[in-house]
Amino acid sequence: MTRKERRLFIVIGAIIAVYLATAAVVGISVYRAGMLIVEVDSSERGGDSCHVRVPAALAHVALRFVPDHVFAEPAREAAEWLPVVRAACLELGKSPDGVLLEVRSPDEQISVVKNGRRLRVDVNNAEERVHVVMPLALVGQVLARIDKVTASS
Amino acid sequence: MRSSLLAALVLAAGIIPAAARAETPWLHVHVQEQGEGAETVRVNVPLNLVESILPHIHSHPLRDGMIRLEDVDLDEVDLRGVLQAVRGAEDGVFVTVESDDEHVRVAKQGGLLVVEAQESGDGEENVRVQVRLEIIDALLDAPEGQLNILAAVKALEGNEGDIVTVTGDDDHVRIWVDDRSESGGER
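Protein sequence lines correspond, in order, to chains A and B. Note that the numbering used here has the first sequence beginning at 48, numbered continuously upward. Note that the numbering used here has the second sequence beginning at 87, numbered continuously upward.
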């Protein structure tokens, strides 16, 4: 192998290594950010079903393109409770995993579980089944966006 | 070498979960209804979480982690005065009410304020509230006319055990603090 060929191989190897490292970092980031899952299934005959499964990393990016006015109304309505939600999110992230709320009755089952950096909400009743998995970081980002909208208005 | 490594792992497996448990006390509420259509509610919240959100709640009658007694309907009872009186009193039974269908006892014993109420007849119910005196001290650490709920929650950290138990014909309620994240250990 000539010196020129060896240099070419090193350059190609370096490009592949950078590409793989970037892919690995992106993959790890997406994995760490988790999935945003929203599933709503109506139990009624012919009822609607809605299933959304989005990598939270993608939701983070998508959030940047949501116009400010979408956040303005919730910001006004929930202004009093936003600091509470913010503090809860921050503390939940540090808290051990566990079942935070469980309601069982013949008609309805509700559970709210903190699992890792995610909050899982399940509601089952005669009308519908709801399953939501929400990464806490995503809630934090929504709150940060609401803060930004509130500050600029 | 292998046995000492195994021993170290066993030790670590014992110590690490124990340390993790010890640093986070949980407040549990368990409501179990009886009869047809009965509902069971379990709430398990890390005390740290309660501590962190309480100062941010500014909703009647709670503000900055303190409750304003003038905004609470207490039937003219000076709750703060009662707690102060209990705190300063010697151990003993303060109140005993005996009637055909009701038995009430309020006592201070072994560092605890204990309130017991037993109702008989229709809707029979037994209520027991026990509060450590440190928690009463924490509640009283507030300006006149207020109780410091935030300080009381902080004081709960070192006081594992039952706070309220209600046993009735229709339901069973238990509020307690322990170091487990789930309310599996029903008593």
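The hints are simulated quantities; they were obtained by calculation from the structure and are not laboratory data. This structure is a prediction, so every number in the text was calculated from the model and none was measured. A hint or two may mislead.
To be verified - If the Cβ cut is set under 10 Å, some of the chain B residues that face chain A in the computed set are:
#, residue
1, Gln-120
2, Ala-124
3, Pro-132
4, Ile-139
5, Arg-154
6, Lys-194
7, Thr-251
8, Thr-253
Said to hold, decoys possible - Reference listing, derived: stretches of chain A covered by chain B, where coverage requires no fewer than 3 residues with Cβ under 8 Å from a Cβ of chain B:
#, region
9, 104-111
10, 170-181
We treat Cβ as the ideally placed atom computed from N, Cα and C, and that holds for glycine.
Next on the checklist: Less than 10 Å between beta-carbons is the criterion; does B:Lys-194 satisfy it with respect to chain A?
Outcome noted: 34 Å, violated
Item to check | Interface hint status, B:Ala-124 versus chain A (Cβ within 10 Å) | outcome: For B:Ala-124, the interface hint holds, since the closest Cβ of chain A sits about 7 Å away, which is under 10 Å.
Next on the checklist: Is the coverage entry for the region 170-181 of chain A by chain B consistent with the three-residue Cβ rule at 8 Å?
Outcome noted: It is violated, with 0 qualifying residues against the three required.
Next on the checklist: Checking hints one by one. Is B:Pro-132 an interface residue toward chain A, by the C-beta closer than 10 Å rule?
Outcome noted: Holds: closest Cβ of chain A sits about 4 Å from B:Pro-132, inside 10 Å.
Checklist entry - Do the numbers back the hint for B:Ile-139, that is, is its least Cβ distance to chain A under 10 Å? => result 5 Å, holds
Item to check | Given hint B:Gln-120 near chain A, where the shortest CB pair must fall under 10 Å | outcome: It is violated, given that the least Cβ distance between B:Gln-120 and chain A is near 12 Å, above 10 Å.
Checklist entry - Under a C-beta cut-off of less than 8 Å, do 3 or more residues of the region 104-111 of chain A approach chain B closely enough to confirm the stated coverage? => result violated (count 0)
Item to check | Residue hint B:Thr-251, partner chain A, criterion CB-CB below 10 Å | outcome: 19 Å, violated
Checklist entry - Would the hint on B:Arg-154 stand, with a C-beta cut-off of 10 Å toward chain A? => result Status violated, d = 17 Å.
Item to check | Evaluation of the interface hint that places B:Thr-253 against chain A, nearest CB under 10 Å | outcome: 19 Å, violated
Violation of the numbered hints given earlier is confined to hints 1, 5, 6, 7, 8, 9 and 10; the remaining hints are satisfied by the structure.
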